[in-house]
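Asker: Given next are the chains, with one letter for each unit.
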Amino acid sequence: MAADFETPVLGDVEERPTPALACGAMAGSKSYVAAPAHNEALGFPGELVPDWQDKAIARMGELLGKYRSLQVFMDSCVKCGACTDKCHYFLGTGDPKNMPVARQDLFRSVYRRYFTPVGKMFPGLVGAKEFTRELLDDWFNYFHQCSQCRRCSVFCPYGIDTAEISMAAREIMDSIGLGQKYCNEIIGKVHKIGNNLGLPGPALIDNLEGLEEDLKDETGQDVRFPIDEEGAEVLLVTPSADFFAEPHVLGLIGYAKVFHAAGVSWTLSTKATEAGNFGMFIGNYEQMRKIAMRIREAAMELKVKRIVFGECGHAWRVAYSFLNTLVGPWDFLDPRYPVPQHILEVTNDLIKRGGIRLDKSANEGIVPTFHDSCNVARASRMGDFEGGQFVIPREVVKACVPRFVDMHPDTTHEKTFCCGGGGGLLTDELMEIRVKGAKPRMEALTDVVRNQGVTHMVSICAICKAQFTKILPYYGFDREVVVSAHQLVSNAIILGNND
Amino acid sequence: MAYEFNGKSIEADEEGFLVNINDWEEGLADLIAKDEGISMTPEHWEVINFLREYYSEYQIAPAVRVLTKAIAKKMGPDKGNNKYLYELFPYGPGKQACKIAGLPKPTGCV
Numbered sequence: 001m002a003a004d005f006e007t008p009v010l011g012d013v014e015e016r017p018t019p020a021l022a023c024g025a026m027a028g029s030k031s032y033v034a035a036p037a038h039n040e041a042l043g044f045p046g047e048l049v050p051d052w053q054d055k056a057i058a059r060m061g062e063l064l065g066k067y068r069s070l071q072v073f074m075d076s077c078v079k080c081g082a083c084t085d086k087c088h089y090f091l092g093t094g095d096p097k098n099m100p101v102a103r104q105d106l107f108r109s110v111y112r113r114y115f116t117p118v119g120k121m122f123p124g125l126v127g128a129k130e131f132t133r134e135l136l137d138d139w140f141n142y143f144h145q146c147s148q149c150r151r152c153s154v155f156c157p158y159g160i161d162t163a164e165i166s167m168a169a170r171e172i173m174d175s176i177g178l179g180q181k182y183c184n185e186i187i188g189k190v191h192k193i194g195n196n197l198g199l200p201g202p203a204l205i206d207n208l209e210g211l212e213e214d215l216k217d218e219t220g221q222d223v224r225f226p227i228d229e230e231g232a233e234v235l236l237v238t239p240s241a242d243f244f245a246e247p248h249v250l251g252l253i254g255y256a257k258v259f260h261a262a263g264v265s266w267t268l269s270t271k272a273t274e275a276g277n278f279g280m281f282i283g284n285y286e287q288m289r290k291i292a293m294r295i296r297e298a299a300m301e302l303k304v305k306r307i308v309f310g311e312c313g314h315a316w317r318v319a320y321s322f323l324n325t326l327v328g329p330w331d332f333l334d335p336r337y338p339v340p341q342h343i344l345e346v347t348n349d350l351i352k353r354g355g356i357r358l359d360k361s362a363n364e365g366i367v368p369t370f371h372d373s374c375n376v377a378r379a380s381r382m383g384d385f386e387g388g389q390f391v392i393p394r395e396v397v398k399a400c401v402p403r404f405v406d407m408h409p410d411t412t413h414e415k416t417f418c419c420g421g422g423g424g425l426l427t428d429e430l431m432e433i434r435v436k437g438a439k440p441r442m443e444a445l446t447d448v449v450r451n452q453g454v455t456h457m458v459s460i461c462a463i464c465k466a467q468f469t470k471i472l473p474y475y476g477f478d479r480e481v482v483v484s485a486h487q488l489v490s491n492a493i494i495l496g497n498n499d
Numbered sequence: 500m501a502y503e504f505n506g507k508s509i510e511a512d513e514e515g516f517l518v519n520i521n522d523w524e525e526g527l528a529d530l531i532a533k534d535e536g537i538s539m540t541p542e543h544w545e546v547i548n549f550l551r552e553y554y555s556e557y558q559i560a561p562a563v564r565v566l567t568k569a570i571a572k573k574m575g576p577d578k579g580n581n582k583y584l585y586e587l588f589p590y591g592p593g594k595q596a597c598k599i600a601g602l603p604k605p606t607g608c609v
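Protein chains in written order, with our numbering: chain A, 1 to 499; chain B, 500 to 609.
So here's chain A without its partners, still in its complex pose (with noise of 0.2 Å):
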C-alpha cells in the first residue's frame, strides 16, 4: 500500500519554524463515519438525526453548564497567538485550522451565534456563526486531528485545554448520530467482549499459557501469567495491546517478571481485559464509568487488595485523575497503597528497596531516550511527588541501561510531543495525519539518534507503541526502534536466586 502523500522533511529541532499556511490541507482527511451499529450499540442515535443542528445546540448548552471550565474556555481566549505554533498537527501539515485556536474558533463560533447576546443579534461583528452542515463537517474533520494531548494548553496564558473542547465536540456529535467509527466500534467491543481489540476470555488464556511456556524455555522459571485468581494481592490492568501486539507484549513480559521476582502474588482478570478508556475520547462521561465499571466489579470479585495499571498513557488518566469519583469508592482495597498504582511506580519501589535487582549489562548497546506519554505528563502523576510522572519513568529505564540521553527540552517532559495517534487517531484512514503529526518527535529523535548515539526510543503507552511501530519506517527507522519501559527491564532483571 503506497503512501498517496509525502512525509514530512526534518529539520532542526533547534529551530522548528513556524511552517508556511497550507489552507486547506488536511480538509480531506476524514474518519470513517460510525456505522449505525457502532453508534447505537452505545445509545447513541444510529445517524445523523434530520433536527441535528436543535440537538446539537441543545446538547452544548447542557455541556456548557454541566461543565464550568468549558464556558470559560469559550468566553477567555483572546486570541493572542501562543498557541498557534504549539500543535504537533499545526507543524506537521500548516493547515490553519490545525492550530489550536482555530480549532477552538470551529466550536466558539457555534458557541457564540447560539449563547452570547452580541452573536445573535451582530454575529458577523464577533465570529459568531450559524451551525451549518458544511461547519458540522469541518467539526467532523478537524475535531478527529486532534490527539486531545493538551501540549497547547501548556502555552496558552489561560490555561484553554483544547483537548476538552474536543472532547465535548465529539460528545455533541455523537449525541445526534455523527459519531466516529474507531473509538465507537472500540467501546463497543469493551461492552461486549471486555476490550477494545475483542479478544475473548480463550484467547487470551491461550496467549497466556503460550507466554509461560515461552518464559519457561528462556529462563528456566516457572514465571506465571495468572487470571482470576482469587485472593491475589494485585490485579493488573492493562491495554490488551499488551496480549496482542509487539512491542507491547514485551512490556507486559516485564511486568510479570517484576512480580515474579519481587514474590508479590497478582492476577489478572477476563472481565477487566482492558485498561484504555475510549470514553475519555469521545468525552462520553457514561461510556467512561461503564467501561471503568468493569475494573471495579472485577477487583472486588477477585478480593485483590491493590490494582496496578500496565503501561498505556490515557488509561493512566482515567485511572490516576478520575477513577476514584467514576466507580470509587476503593475503601475495599489495602490503604496503605495508592489507588491506582502505575507499574512504574512499583517497579521503581522494588529498584529502590533491593526487591528486585537488574543487571544493565543485558541492555548493553542499547541507548535509549524517552518519550513522555502526553496524558502521562500533562494529565496525572506518579510517585508522591511534583513531576513524579516524569522522574519515575526515567529512572526506571536509567536503572535497566549502562547510557540514557534524553530529547530537546522542547519536546520532554510537560511539553512532550503527542507520538500522532493519541486521542481516538490511531486509525489507518488518518495515516497521512498520523505520520505527518510525528514530525515534531521525529526531528528531536533524529537528534539524538544522529548526535548522541541513541538506539531506541522508550514508550509507556499502547497507542505510543503502535503509532510509532507504523510510522518510523516513514521515516527511515526500523519499526523496532520503538520498546516498552518494561521490555528493557525485562531483559536486565536477575531472576532465580534473589538473594
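With a cut-off of at most 27 Å between alpha-carbon atoms, the simulated DSSO-like pairs for lysine-lysine come out as follows:
hint: 1; chain 1: B; residue 1: K594; chain 2: A; residue 2: K192
hint: 2; chain 1: A; residue 1: K271; chain 2: A; residue 2: K181
hint: 3; chain 1: B; residue 1: K594; chain 2: A; residue 2: K181
hint: 4; chain 1: B; residue 1: K604; chain 2: A; residue 2: K290
hint: 5; chain 1: B; residue 1: K604; chain 2: B; residue 2: K507
hint: 6; chain 1: A; residue 1: K271; chain 2: B; residue 2: K594
hint: 7; chain 1: B; residue 1: K604; chain 2: A; residue 2: K192
hint: 8; chain 1: B; residue 1: K582; chain 2: A; residue 2: K216
hint: 9; chain 1: A; residue 1: K303; chain 2: A; residue 2: K271
Worth flagging that the hints you see were computed from the coordinates, not collected in a lab. As the structure is a prediction and not an experimental result, all values here were calculated from the model.
With the hints as your guide, set chain B onto chain A.
Answerer: Okay, now just chain B, sitting in the frame of chain A:
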C-alpha cells in the same frame, strides 16, 4: 465497497474487510490480495490458513507472537519473525493478512 467475484458482489467495509466472513473463499482471497498489490505464494497461504484456523477456534486473529511461533514451527525458525511476515505482508501481518483471510480487522491500540 464491494468485491466483484464470480458474478457476485461481495460486501466489504470502507477498507476492504469483508462484512460477512462466511463470504470468504480461496479465489476471493486471491482477488483481495491483488487489490493489496500482493501475489499469493504458498508462503502467503501458510499464514492465511493459520489465521483462519486460529480464528475458527478463538474468534479473533492470533497475537503477533502466536503467529510468528506457528510460522516458525511450520516453515522453519528463520521465518518465525516479524520481519519475515512484513516481507510477505508489507502493510503489517495483522491487518493486511487478516483482510486477505476474510477476517475482521484487529482494533484498538495495535
